[in-house]
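Peer 1: Hey, can you work out the whole structure from these sequences and the hints?
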Amino acid sequence: MEILSVENLYKSFDDNEVLHGISFKVREGEVVAVIGPSGSGKSTLLRCLNLLEKVDRGTVKVAGDTMVSTNDLGQVLYPPEGALKKIRLRLGMVFQNFNLFPHFSVMRNITEAPVIVGGKSQEEAEKTALELLEKMGLSDKANAYPYQLSGGQSQRVAIARALAMDPDILFFDEPTSALDPELTGEVLKVIRKLAAEQMTMVVVTHEMAFAQEVADRVIFMDKGQIIEEGDPGEILTNPSHERTKAFIKGLSDR
Amino acid sequence: MPYDWPGLINLILLLIDGTKIALKVFFLTLIFSLPLGLVTALGRMYGNRLIKGLMKFYILIMRGTPLILQLSFVYFAPYFLLPEGLRINFDRFVAAIIACSLNYAAYFAEIFRGGIESISQGQYEAAAVLGFSKRQTFMRIVLPQVVKRILPPVSNEIITLVKDTALVSTLGIAELYRLATGEASRVVSPIPFLIAGMIYLLWNWVVTEILLKAEKKLAYYK
Chain A
0 MEILSVENLY KSFDDNEVLH GISFKVREGE VVAVIGPSGS GKSTLLRCLN
50 LLEKVDRGTV KVAGDTMVST NDLGQVLYPP EGALKKIRLR LGMVFQNFNL
100 FPHFSVMRNI TEAPVIVGGK SQEEAEKTAL ELLEKMGLSD KANAYPYQLS
150 GGQSQRVAIA RALAMDPDIL FFDEPTSALD PELTGEVLKV IRKLAAEQMT
200 MVVVTHEMAF AQEVADRVIF MDKGQIIEEG DPGEILTNPS HERTKAFIKG
250 LSDR
Chain B
0 MPYDWPGLIN LILLLIDGTK IALKVFFLTL IFSLPLGLVT ALGRMYGNRL
50 IKGLMKFYIL IMRGTPLILQ LSFVYFAPYF LLPEGLRINF DRFVAAIIAC
100 SLNYAAYFAE IFRGGIESIS QGQYEAAAVL GFSKRQTFMR IVLPQVVKRI
150 LPPVSNEIIT LVKDTALVST LGIAELYRLA TGEASRVVSP IPFLIAGMIY
200 LLWNWVVTEI LLKAEKKLAY YK
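Those sequence lines, one after another, are chains A and B. Just so it is clear: in the first sequence, position 219 is 218 by numbering that gives the first Met the number 0, and no numbers are missing. Just so it is clear: in the second sequence, position 85 is 84 by numbering that gives the first Met the number 0, and no numbers are missing.
Simulated pairs of lysine-lysine, DSS-like, Cα-Cα distance not exceeding 30 Å:
1. Lys119/A with Lys221/B
2. Lys133/B with Lys60/A
3. Lys133/B with Lys85/A
4. Lys216/B with Lys23/B
5. Lys23/B with Lys212/B
6. Lys212/B with Lys162/B
Facing chain B, from chain A, some residues (calculated, C-beta under 7 Å):
7. Asn49
8. Leu88
9. Asn98
Just so you know, the hints here were simulated from the structure itself, not pulled from any lab data. Using N, Cα and C, we set each Cβ at its ideal position, and we do this for glycine too.
Peer 2: Right, dumping it as structure tokens:
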């Protein structure tokens with residue numbers, strides 16, 4: 000089943016067109032890695048998909064429900080606030096810089112949204128949080144505060160926080176770019192685990208080896224467009240497009 | 000020595016009466032100016048152009064002119080500006096509270112604005128993707144962090160306010176400073192000033208300790 004469908008997405012900041020007609024689909028349980036040079040529009044794409052930015056044109060559907068559409072007059076239509084919020088809750092997001100709430104304990108970072116936004120009881124939310132922390136290998140950190148965590152631990156808490164809302168799809172915006180190489184591994188391990196559990200994920204990443212290993216599909220973006228997409232092995236070892244070749248070669252030359 | 004022991008005790012009792020009035024000015028000003036400062040900061044940051052402009056103007060006036068002048072203005076202006084028949088006369092104490100509150104709210108507003116603007120965009124974004132409304136984001140995520148960050152500059156203002164209560168004496172309110180002045184000239188002695196000074200100092204020492212405790216209480220996170 001298709002869980003995300005993106006059609007002809009456009010986004011500009013002032014005169015700078017960042018997304019230039021992006022279309023792709025994500026099936027349930029699929030892991031999609033989005034790669035490409037800096038400034039190719041990868042992060043902006045994620046920000047449009049999780050409603051942090053409004054698109055200029057295009058259609059996005061989440062499990063069949065329209066999140067944004069564009070009519071024949073070119074007007075962008077978002078559903079009313081209530082319907083939009085329901086869709087938003089089905090989308091989880093993990094940021095490059097974690098963005099944990101520093102004044103909340105790890106436990107409360109994870110339970111606050113399920114209780115306040117999702118209407119769960121405190122006990123239920125805490126039970127889920129403990130299960131998630133165990134899965135992240137952080138059972139002993141429930142009462143810690145974010146400043147006491149390493150980068151890798153912070154990012155795993157951020158993943159647990161996103162999962163606590165039980166999203167249909169989880170977006171990652173360069174989840175390991177702010178981490179030392181040795182801490183990168185522990186975050187990738189968790190994402191691998193989620194992939195094995197058939198969690199639907201779209202991961203913007205610079206970790207090519209990881210993309211090749213975990214992703215079901217790789218999308219290569221450049222200058223606001225999808226240059227090519229397909230099997231990770233194919234794209235990363237034997238790309239058909241010149242620009243992809245140059246990008247992959249540039250990486251291996253480093 | 001113009002004071003014998005009973006005289007000294009009477010002087011202290013008199014100055015304590017004045018301290019009570021000064022304390023009233025202090026607490027009432029805080030109670031009104033802190034929320035007003037927050038509303039002003041929010042209007043200055045998120046209001047439409049008219050509100051933003053008004054708040055900026057209000058802050059400019061309040062920070063740009065002497066509090067002692069504002070006190071006199073609030074007290075006398077209604078009488079001179081309103082047509083005969085409508086002339087109301089503020090109670091001098093009410094006028095003092097209005098002027099002090101308006102003045103301190105302007106300073107607090109700028110401190111709050113600085114604090115709110117120091118919270119990273121990432122906090123708002125993390126809250127947004129989790130489904131928090133704007134209001135929930137402000138009350139639960141932003142404001143608690145702002146309180147911690149602005150406590151030191153707010154403490155500065157609160158300590159200044161303790162001393163600024165003396166300014167309401169210009170409206171003829173019988174608070175600590177005015178009573179001390181009166182006694183000093185009556186008895187021709189500096190002792191009333193000395194005792195009043197000790198009372199202000201003691202008062203600010205207590206205030207400082209309380210504010211430091213509050214800072215410590217919020218030190219559980221970084």
